[in-house]
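Construct the entire structure; sequences and hints are all you get.
Number of protein chains: 2
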Amino acid sequence: MKPALSVIKIGGNIIEDSTELSRFLSSFSRVQGPKILVHGGGKKATSLSEKLGIKPSMVKGRRITDAQALEVAIMVYAGLVNKTIVSKLQALQCNALGLSGADAAVIKAIKRPVKSIDYGFAGDIVSIRTKTLLSFLETGLVPVFCALTDDGQGQLLNTNADTIASELAIALSSEYRTTLYYCFEKPGVLANVYDEASVISHINKQAYYSLLREKQISEGMLPKLENCFHALDHSVHKVCIGDITMLQAKSSNFTTLTL
Amino acid sequence: MKPALSVIKIGGNIIEDSTELSRFLSSFSRVQGPKILVHGGGKKATSLSEKLGIKPSMVKGRRITDAQALEVAIMVYAGLVNKTIVSKLQALQCNALGLSGADAAVIKAIKRPVKSIDYGFAGDIVSIRTKTLLSFLETGLVPVFCALTDDGQGQLLNTNADTIASELAIALSSEYRTTLYYCFEKPGVLANVYDEASVISHINKQAYYSLLREKQISEGMLPKLENCFHALDHSVHKVCIGDITMLQAKSSNFTTLTL
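Chains as they are written, first to last, in the working numbering: chain A, 1 to 259; chain B, 1001 to 1259.
No lab work stands behind these hints: they were computed from the structure.
Note that this is a predicted model, so its numbers are computed, not measured.
Don't take every hint at face value.
DSSO-like cross-link-like pairs, simulated, lysine-lysine; straight-line CA separation at most 27 Å [stated by the list, open to error]: (1) A/Lys131 / B/Lys1131; (2) A/Lys43 / B/Lys1055; (3) A/Lys55 / B/Lys1051; (4) B/Lys1044 / A/Lys51; (5) B/Lys1224 / A/Lys51; (6) B/Lys1043 / A/Lys55; (7) B/Lys1051 / A/Lys44; (8) A/Lys51 / B/Lys1055; (9) B/Lys1043 / A/Lys44; (10) B/Lys1250 / B/Lys1224; (11) A/Lys43 / A/Lys108; (12) B/Lys1051 / A/Lys43; (13) B/Lys1055 / A/Lys44; (14) A/Lys43 / B/Lys1131; (15) A/Lys55 / B/Lys1055; (16) B/Lys1044 / A/Lys55; (17) A/Lys60 / A/Lys215.
Among the chain A residues that face chain B by a calculated CB cut under 8 Å, a handful are [stated by the list, open to error]: (18) Ile74; (19) Val76; (20) Val86; (21) Lys88; (22) Asn95; (23) Asp103; (24) Ser135; (25) Leu156; (26) Asn160; (27) Leu190; (28) Ala191; (29) Asn192.
No residue lacks a Cβ here, since even glycine has one placed at the ideal position from N, Cα and C.
Encoded structure:
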């Protein structure tokens, strides 16, 4: 049997709150076996933009990554957030290696093609250099990815962290039995969005389709679940969605997704 | 004989100017054999601080890294400057891996002890994890270091880029015949600081001492040369000081230092 690998993505709200972040990193550092962390940016980029007097660029109600927004994203995601996490993990004896997709050319992307909207410097993932990642994991390093990639031609690109996590998990499933964790502020997928006790403990593809038909899935959760089943359809073993208690050995209060 | 290694440090003025930076990176990408780049931060950190209304903290005429200055340094050095360089090098088929000292715990430092001045979050290098660096170099990766380290206890520290370069060169001299390059805006060590044609082509230790006695070395060059002879005293094969033409095969207009 292939060895196990954990690919864990943390959301912006956990990064925001330094106590929550410390609690998360402490749990993360105790996860056994090879593992990868992917982090979003959170509101720090928004607050830096505001301080610099940069207004968010919007087209048809969608946020666009213009040149200024990209520069802020690079400073906050690859700089402040990534290095803070790496340093804190090192203090927990977890040998973190901070990465953007450009580093060691691990993730190659293209600037999102313009259809009805020009998203600016937004990247869609094209390929993952699995061999390089394997060599990092085999030497005991713990890759920590920020939500940036590049196009191999010198252009950095803002890239969705959920997608980075699922594409990494898919690419590494050839060598590992991969579990993908989406860790955010809610305890899991909720049957009733207003009731945090209504966590659905297990969703398979059949249940997913019936939740879709019954329009039971909240707006924000839809792309997340789509991403999860895309990963499961591409050889990822299991996907888990929950809050930071999910990574603790005794926790059972989260949502597990399988085919 | 040991294989050759180039450790190349570029100064802030080259980073400032995007045309100069592109010219430098193009030369750097053509340097044969294993190599490491170390970059300073340049004035981008100062200009970001100004935009954010952060005043530089000074004690006894010395610049101090307070918490705000450290945050700016992390965003600019590890974020904007490092990832821009990494992405540009990837476009030149140079497999760059951006690093701070915290990443893979490659450089361990301590907060500079307070004597007459408290420099704040300034780091002095304690040790280099040579084995990890060797494994990166052996797989063809090109480490690109920004001027940040950490103390292994979760505290990032602002660290002199010249010192990072010389300590890396020293640590790797056990395995490589290492040449250390200091690449800045001047063509080398000048006999007359006002005359750029007065490059001293070779300085050995004896010549260095006589330049010191004659007070011929400019204020700004003194710590640089001290650093160079410290490296040579600790097994570094050769140190070269010059502008970006220095890395070109046919260039001979720069200063070489040997014992």
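Hint check:
Between the alpha carbons of A/Lys131 and B/Lys1131 the distance comes to roughly 20 Å, so the proposed pair stays at or under 27 Å and holds. Annotation: proposed proximity of A/Lys43 to B/Lys1055 holds, straight-line Cα distance about 24 Å (limit 27 Å). A C-alpha spacing of about 15 Å is found between A/Lys55 and B/Lys1051, which places the hinted pair at or below 27 Å, so the restraint holds. Annotation: proposed proximity of B/Lys1044 to A/Lys51 holds, straight-line Cα distance about 16 Å (limit 27 Å).
Note on B/Lys1224 and A/Lys51: the hinted pairing is violated, with a Cα-Cα distance of about 37 Å set against a maximum of 27 Å. Between the alpha carbons of B/Lys1043 and A/Lys55 the distance comes to roughly 24 Å, so the proposed pair stays at or under 27 Å and holds. Between B/Lys1051 and A/Lys44 the alpha-carbon distance is near 16 Å, which keeps this suggested pair within the 27 Å criterion. Among the hinted pairs, A/Lys51 with B/Lys1055 is consistent with the structure: their alpha-carbon atoms are about 15 Å apart, no more than 27 Å.
With a C-alpha separation of about 23 Å, the suggested pairing of B/Lys1043 with A/Lys44 holds against the 27 Å cut-off. With a C-alpha separation of about 25 Å, the suggested pairing of B/Lys1250 with B/Lys1224 holds against the 27 Å cut-off. Restraint check for A/Lys43 and A/Lys108: the C-alpha separation of about 26 Å stays at or below 27 Å, so the hint holds. As the CA atoms of B/Lys1051 and A/Lys43 are separated by approximately 19 Å, the hinted pair is consistent with the 27 Å bound.
Proposed proximity of B/Lys1055 and A/Lys44 is supported: the alpha carbons are some 21 Å apart, at most 27 Å. For the hint pairing A/Lys43 with B/Lys1131, the CA-to-CA distance comes to about 38 Å; that exceeds 27 Å, so the pair is violated. Taking the CA atoms of A/Lys55 and B/Lys1055, the gap is near 24 Å; set against the 27 Å cutoff, the hint holds. With a C-alpha separation of about 21 Å, the suggested pair B/Lys1044 and A/Lys55 falls inside the 27 Å cut-off, and the hint holds.
Distance check on the hinted pair: A/Lys60 and A/Lys215 sit about 25 Å apart at the alpha-carbon level, within 27 Å; holds. Proximity of A/Ile74 to chain B holds as hinted, the smallest CB-CB distance being about 5 Å (cut-off 8 Å). Given hint, A/Val76 at the interface with chain B, holds; its Cβ is 7 Å from that chain's nearest Cβ, closer than 8 Å. Because the closest C-beta pair between A/Val86 and chain B is about 5 Å apart, less than 8 Å, the hint holds.
Of the supplied interface hints, the one on A/Lys88 holds, with its beta-carbon coming within about 5 Å of a beta-carbon of chain B, less than 8 Å. Hint on A/Asn95 holds. Least Cβ distance to chain B is approximately 6 Å, under the 8 Å limit. Here the hint on A/Asp103 is kept, as its CB sits about 5 Å from the closest CB of chain B, short of 8 Å. The beta carbon of A/Ser135 is positioned within 8 Å of a beta carbon in chain B (closest approach about 6 Å), and the interface hint is therefore held.
Interface hint at A/Leu156: satisfied, since its Cβ lies 5 Å from the closest Cβ of chain B, which is below the 8 Å cut-off. Residue-level restraint check for A/Asn160 is violated (minimum Cβ-Cβ distance to chain B is 18 Å; threshold 8 Å). Nearest Cβ of chain B to the Cβ of A/Leu190: about 34 Å, over the 8 Å cut. The hint is violated. Of the supplied interface hints, the one on A/Ala191 is violated, with its beta-carbon coming no nearer than about 39 Å to a beta-carbon of chain B, more than 8 Å.
A hinted interface residue such as A/Asn192 counts as satisfied when its beta carbon comes closer than 8 Å to some beta carbon of chain B; here the least separation is about 39 Å, so the hint is violated.
Hints 5, 14, 26, 27, 28 and 29 from the earlier list are contradicted by this structure; the remaining hints agree with it.
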